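So the sequences go chain by chain: A and B.
The first sequence lines up with residues 1 to 257 when you count with the numbering used here.
The second sequence lines up with residues 1 to 335 when you count with the numbering used here.
Bear in mind the hints are in silico, worked out from the structure with no lab data behind them.
One thing to keep in mind: the hints can contain errors.
Claimed, not checked - Computed from the model, here is a short list of chain B residues facing chain A with C-beta under 10 Å: (1) P84; (2) A216; (3) E224; (4) S225; (5) I232; (6) A305; (7) P306; (8) E308.
Claimed, not checked - These stretches of chain A come out as covered by chain B in the derived footprint (C-beta under 8 Å, 3 or more residues): (9) 64-76; (10) 93-106.
The structure presented is a predicted model; accordingly, all values stated were derived computationally and were not measured.
From the three backbone atoms N, C-alpha and C, an ideal C-beta is built for every residue, glycine too.
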Amino acid sequence: MLEVERLTLSAGGRTVVDAADFSLAAGEHLAVIGPNGAGKSSLIHALIGDTRPIAGQVRIAGQPLDDWPARERACRVALLPQASALNFPFTVAEVVRLGRGPHASGRRADRQIVDEALAACDIAHLRDRPYTRLSGGEKQRVQLARVMIQVWRERDAGNRLLLLDEPVAALDLGHQRWVMRQVAALAAQGVAIVSVLHDISLAARHADRMLALRDGITIAHGKPTDVVTAERMQQLFDTQTRVITHPDSGTPVVLHG
Amino acid sequence: MSPRRLVWLLAVALPICLLAAVLYGAVRLPALDVLAVLVGWDDGMDRLALIVRQLRLPRALLTALVGALLAICGAAMQGLFRNPLADPSLIGVTAGASVGASLVIVFGSGLAGFVGLSLVSLGAFAGGTAAVLLVYRLATGPEGTSVATMLLAGIAIGALAGSVGSLLEFYADNEMLRRISLWRMGGLDGANWSRVVIVAGVGALILAVLPRQAAALNALLLGESEARHLGIAVDRVKRRLVLLTAAGVGVSVAVAGAITFVGLVVPHIVRMLIGPDHRWLLPASAMAGAILLLVADTLARVVIAPTELPVGLLTALLGAPFFISLLRRRREYGL
Numbered sequence: 001m002l003e004v005e006r007l008t009l010s011a012g013g014r015t016v017v018d019a020a021d022f023s024l025a026a027g028e029h030l031a032v033i034g035p036n037g038a039g040k041s042s043l044i045h046a047l048i049g050d051t052r053p054i055a056g057q058v059r060i061a062g063q064p065l066d067d068w069p070a071r072e073r074a075c076r077v078a079l080l081p082q083a084s085a086l087n088f089p090f091t092v093a094e095v096v097r098l099g100r101g102p103h104a105s106g107r108r109a110d111r112q113i114v115d116e117a118l119a120a121c122d123i124a125h126l127r128d129r130p131y132t133r134l135s136g137g138e139k140q141r142v143q144l145a146r147v148m149i150q151v152w153r154e155r156d157a158g159n160r161l162l163l164l165d166e167p168v169a170a171l172d173l174g175h176q177r178w179v180m181r182q183v184a185a186l187a188a189q190g191v192a193i194v195s196v197l198h199d200i201s202l203a204a205r206h207a208d209r210m211l212a213l214r215d216g217i218t219i220a221h222g223k224p225t226d227v228v229t230a231e232r233m234q235q236l237f238d239t240q241t242r243v244i245t246h247p248d249s250g251t252p253v254v255l256h257g
Numbered sequence: 001m002s003p004r005r006l007v008w009l010l011a012v013a014l015p016i017c018l019l020a021a022v023l024y025g026a027v028r029l030p031a032l033d034v035l036a037v038l039v040g041w042d043d044g045m046d047r048l049a050l051i052v053r054q055l056r057l058p059r060a061l062l063t064a065l066v067g068a069l070l071a072i073c074g075a076a077m078q079g080l081f082r083n084p085l086a087d088p089s090l091i092g093v094t095a096g097a098s099v100g101a102s103l104v105i106v107f108g109s110g111l112a113g114f115v116g117l118s119l120v121s122l123g124a125f126a127g128g129t130a131a132v133l134l135v136y137r138l139a140t141g142p143e144g145t146s147v148a149t150m151l152l153a154g155i156a157i158g159a160l161a162g163s164v165g166s167l168l169e170f171y172a173d174n175e176m177l178r179r180i181s182l183w184r185m186g187g188l189d190g191a192n193w194s195r196v197v198i199v200a201g202v203g204a205l206i207l208a209v210l211p212r213q214a215a216a217l218n219a220l221l222l223g224e225s226e227a228r229h230l231g232i233a234v235d236r237v238k239r240r241l242v243l244l245t246a247a248g249v250g251v252s253v254a255v256a257g258a259i260t261f262v263g264l265v266v267p268h269i270v271r272m273l274i275g276p277d278h279r280w281l282l283p284a285s286a287m288a289g290a291i292l293l294l295v296a297d298t299l300a301r302v303v304i305a306p307t308e309l310p311v312g313l314l315t316a317l318l319g320a321p322f323f324i325s326l327l328r329r330r331r332e333y334g335l
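All chains, please: the whole structure from these sequences, using the hints.
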């Protein structure tokens with residue numbers, strides 16, 4: 001569904017992503033990990049066409065990203081940015097509804113989708129509150145609902161890709177788990193997911209595959225159990241850790257050393 | 001308040017204010033006779049019919065159009081700049097227009113006008129649009145138009161225009177100075193049918209096209225890249241908004257001088273009442289702007305009749321208390 005071929009990005013004359021190479025099938029979840037400034041955000045923004053690569057290519061459903069008309073692309077690819085600049089007092093429901101902008105699915109269908117997404121992100125009780133008066137974590141869930149409904153239904157577009165730049169950064173423990181489950185539910189319906197996550201254990205628990213970046217270079221790419229090792233963590237983050245296996249899920253868990 | 005209800009209220013209030021603007025003035029006209037002239041039963045050439053047809057009606061229509069244009073352009077600018085305190089003067093229209101008008105007043109007093117527009121109006125329009133184009137060019141690079149640079153360029157051009165204006169005033173004589181300062185205060189006393197036709201032409205274009213940008217403006221409030229992710233052709237929308245606003249404010253300033261406050265505060269008031277959704281905000285602002293300016297201009301003609309107050313004084317005098325009363329409930333508003 002998503003093919004990234006030797007993608008190289010530069011910003012201000014510096015190479016920020018160097019020949020990233022991976023592909024993603026429908027319903028797969030790839031988590032990108034790495035230290036601050038490793039190029040994770042640059043990579044994820046390039047997948048929606050914000051930055052033009054200096055080499056390599058991104059293809060969605062076999063077609064180069066640049067060839068998709070803006071609106072067609074918007075029906076298939078959505079991105080949750082790290083921070084949002086919205087400072088106008090839209091209500092929560094209004095903000096979420098903006099995610100249906102590119103679609104022509106009709107007012108009634110949209111209203112139902114908005115209701116479903118509000119419930120999915122546990123913000124139904126905030127529906128008529130002004131966005132500007134929410135807490136950081138509530139805002140993040142509103143933005144998440146907005147981008148989720150952009151790729152909500154298989155009827156609207158077959159190949160769908162959801163890009164999440166630190167989706168749980170502002171969330172409490174309970175909502176982190178809640179949100180990751182909703183993302184998994186969307187993946188189960190065929191949406192491919194690329195997320196940037198700082199919580200390695202959380203990433204390992206929920207992603208099918210992981211990509212480790214450092215200084216724009218792919219250090220490792222594969223199943224969580226292969227990527228998350230104490231040695232690799234040392235290499236990525238320059239810090240001592242211990243990696244154990246989660247007693248229930250069998251996925252790797254990173255402990256501070 | 002529900003947006004639908006506000007739009008209905010404004011739609012009822014607007015014709016009433018228009019009628020009041022025709023009825024009241026230096027002389028108060030009897031309502032039934034005026035109605036007879038307006039609907040065409042009385043096609044005589046008596047004094048009342050002349051006052052209505054040649055003075056009051058064109059002035060009321062021009063006032064409504066200018067108010068609507070200033071307010072809807074202000075709403076669009078605030079959306080584009082994602083700043084509820086932006087107004088069209090931020091991109092240099094008013095400052096440029098002021099220099100254009102002053103230049104003509106100081107140097108071109110002997111020249112004739114063109115189809116009902118005085119030369120001062122033409123100078124103002126030329127100055128206003130030139131300033132916007134300059135600001136837009138400065139802010140546009142190979143990577144698109146930067147809204148932040150546009151804001152800074154607007155401030156720079158505004159400052160430049162301000163000092164050129166001061167220089168002109170320095171060389172102007174007393175009579176010129178008085179004309180410049182009256183122009184700055186704004187006024188609709190130059191109303192005539194050819195002005196109405198010109199403003200109605202530009203206004204029809206803007207009032208038809210701007211509301212169609214409502215969805216794009218809503219998306220733009222999220223941020224530019226977010227709007228792009230939602231499939232909006234952001235640079236095209238920006239160019240369209242800047243050009244339309246320049247034309248709308250440029251022509252308003254040309255026929256009515258620098259009327260402040262309407263473009264800044266009317267959209268703000270409407271947003272406080274019904275929220276920031278541009279699908280309602282744009283039409284409601286246009287109507288509310290028309291109403292505010294009609295009421296202000298009617299009062300300006302009545303309070304110290306037969307002398308007229310500059311309307312710019314009254315827009316602020318009327319709008320500010322209302323705005324302040326809304327500010328006091330800003331907690332509910334969510335700011």
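Results of checking the hints against the structure:
1. P84: At about 7 Å, which falls below the 10 Å cut-off, the nearest Cβ of chain A leaves the hint on B:P84 intact, so it holds.
2. A216: Holds, about 9 Å.
3. E224: Hint holds; B:E224 Cβ to chain A Cβ min 9 Å, cut 10 Å.
4. S225: holds, 6 Å
5. I232: With Cβ-Cβ at 7 Å, under 10 Å, it holds.
6. A305: violated, 42 Å
7. P306: The hint is violated - B:P306 has no Cβ within 10 Å of chain A, the shortest such distance being about 45 Å.
8. E308: violated, 38 Å
9. 64-76: holds (count 6)
10. 93-106: Three-residue rule met by the segment 93-106 of chain A, so holds; n is 6.
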